[in-house]
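**Q** As a plain string of letters, each chain reads:
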Amino acid sequence: MSALRRPGTMLAFVFLAVLLLAAAWPSLFSATDPNSADIQQTLSPPSAEHWFGTDQNGRDLYARVIAGVRLSLLIGVAASALALVAGTVIGVLAAQGGRATNTVVNRLLDILLSIPGLLLVLLVIAVLGAGTWETILGVALITTPGYARVVRGEVIRIRGAVFLEAAATLGWSRPQIVLRHLVPNALGPVLVLATIGSGTAISIGSALSFLGLGPQAPTAEWGAMLSSSRDYFTVAWWPAIFPGLAITATVLAITVAGQFLQLRLEGRAPR
Amino acid sequence: MSVTLAVAGSNRSAVRAAGFALLRRAGAALVVVWGAVTLTFVALHLIPGEIVDALIGTTRVSPEVRARIISDYSLDQPLLAQYLHYVGRLLQGDLGQSYSQGMPVSTLIGQQAGSTFALMGAGIGFALVTSVVVAVATANRPRWFRGPAVGVEVLSLAVPSFWLGILLLTVFSFQLHWFPAIGANGFNGLVLPAISLGLAPAAMLSQVLRQGLERVLEEPFVVTARARGVRPALVLMRHALRHAVLPVITLAGWLVGAFVSGAVVIESVFSRQGLGRLTSAAIGQRDFPTVSAIVLIAALVYIVVNLLIDVVYPLIDPRLREPAS
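Here the protein sequences line up with chains A and B, keeping their order. All you need for the working numbering is the position in the first sequence, starting with 1, plus 1. All you need for the working numbering is the position in the second sequence, starting with 1, plus 33.
Watch out, some of these pointers could steer you wrong.
[To be verified] Derived list of chain A stretches under chain B, where covered just means 3 residues or more per stretch with a C-beta under 8 Å from a C-beta of chain B:
no., region
1, 44-50
2, 54-60
3, 100-112
4, 182-196
[Unchecked claim] Which chain B residues stay away from chain A? Per the calculated CB distances, all over 10 Å, these:
no., residue
5, Ala47
6, Asp127
7, Val298
FYI, nobody ran anything at the bench for these hints, they're computed from the structure. Using N, Cα and C, we set each Cβ at its ideal position, and we do this for glycine too.
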């Protein structure tokens with residue numbers, strides 16, 4: 002495996018595996034309740050008992066960072082999956098439909114792309130209100146045009162391929178060909194995009210909760226934890242460090258993994 | 034002589050073709066502007082509850098004011114009339130009223146725009162200078178020199194800007210006291226926010242610039258210049274950089290989006306006045322007229338910038354002036 006020969010890539014995959022474990026079974030990593038407050042222990046620095054220290058309510062920051070993994074991964078994966086499905090449907094429609102469909106779809110995507118990402122998410126929040134699923138929907142909305150464009154390009158690229166003609170000769174129906182041959186073959190670059198895109202989604206999700214417009218308190222969310230750390234800047238540095246490290250490491254690992262997948266894909270591609 | 038004439042002739046038809054292409058693009062841009070306007074109208078109507086309450090938000094108003102808003106927005110009319118009224122109002126430059134702030138949205142935006150422009154200008158300046166310096170310094174260099182720069186770029190793209198802001202504040206304002214902490218104006222107050230805002234775009238730009246430089250440095254004209262005895266540094270600055278800048282120009286639209294989105298977050302981190310702060314505050318107060326006005330202005334800027342790129346690009350790159358044959 003070429004991943005093994007690149008230590009950075011290896012590290013990224015191991016870290017992502019650990020994150021998945023922490024998301025599935027947080028108790029494997031921390032037995033402390035992330036929401037249990039201890040008035041005696043507010044803002045105590047990192048120690049053997051509290052690895053990352055405690056926050057202003059005396060809650061264990063390590064337990065809260067671990068508890069935040071699930072939410073961040075949920076936002077990343079769900080938003081990417083939603084955008085992937087929507088983008089694939091729109092992309093295939095644009096490529097397979099007539100010229101009019103193509104133009105209409107293109108203009109619709111242009112409209113979505115013309116609004117800066119975070120502002121479009123904020124517009125969604127202004128309509129639906131703040132919350133986890135609202136965030137996911139908003140982030141999916143801003144990433145869908147990218148997927149749709151790539152899928153459309155891929156479908157147009159493969160459309161003339163011989164194996165599609167063969168399938169048609171064999172009497173396959175058009176929807177069958179699209180679903181069984183066209184879509185699976187067009188998905189490679191989109192899956193790479195989805196991997197890297199889930200990092201972007203996590204980043205935007207944390208920015209939203211930093212603004213107080215994402216998942217609502219007392220949910221342990223990395224961006225929200227950083228936001229409340231600002232009130233204690235001068236007395237405690239640890240609440241401002243560890244959640245930010247968690248976001249950065251997660252996004253970095255996802256990016257590195259995505260770039261590796263991209264290289265693999267390009268190496269495997271016939272041209 | 035006949036050669037010059039032929040060139041002049043092909044230039045004229047090329048100019049005409051470019052003119053048509055530009056008109057088509059301008060038309061498409063208008064369609065997108067209209068689409069963005071329609072999108073905000075649809076968004077307003079998707080808000081649960083009565084539309085008049087969606088416009089007012091959390092502010093308490095008297096029944097008379099409420100009745101006046103209903104008639105002002107033609108909310109008692111059929112949907113199509115409401116839509117035409119909405120578009121007509123925007124065409125006259127009327128962005129509506131912010132009921133939470135008790136003033137027209139355009140006044141509100143006018144008050145806050147200066148601070149945001151200063152922040153974005155400083156951020157863009159930082160990003161451009163940093164990316165050019167880093168790309169020129171590391172293009173075609175040995176792995177040990179180039180590798181760390183690439184690593185820093187990848188890291189810069191992963192660090193959330195608001196956390197970077199918090200870190201910079203902690204170190205340079207609270208520990209070292211080099212820069213004012215919160216809400217300060219003037220140049221000193223701009224340094225940390227501009228770096229927080231501009232670092233990720235700088236990393237992106239320097240990646241694109243370096244790729245461009247390394248591609249150009251393999252071109253025959255660069256080899257020729259070197260063979261003429263032009264110093265490598267001069268080849269890089271005078272010949273290669275001009276070509277490498279081209280792909281960066283196409284990123285200008287992306288940059289607008291990145292800086293607008295970034296400003297929303299960074300203004301909050303540094304408690305700065307500005308359009309970003311205004312937006313997040315407006316969402317908290319459910320002040321939809323303000324939110325949709327800012328969304329529309331941002332979309333308009335993005336669309337105009339992209340149109341400008343279409344106009345400027347062929348002027349900079351003569352290869353694009355030839356009609357595609």
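**Q** Does each hint hold? Answer for all of them.
**A** For each hint, the structure was consulted:
1. 44-50: Violated: only 0 residues of the region 44-50 of chain A have a Cβ under 8 Å from chain B.
2. 54-60: violated (count 0)
3. 100-112: holds (count 4)
4. 182-196: violated (count 0)
5. Ala47: holds, 26 Å
6. Asp127: holds, 20 Å
7. Val298: violated, 5 Å
Hints 1, 2, 4 and 7, counting from the list given before, are not met by this structure.
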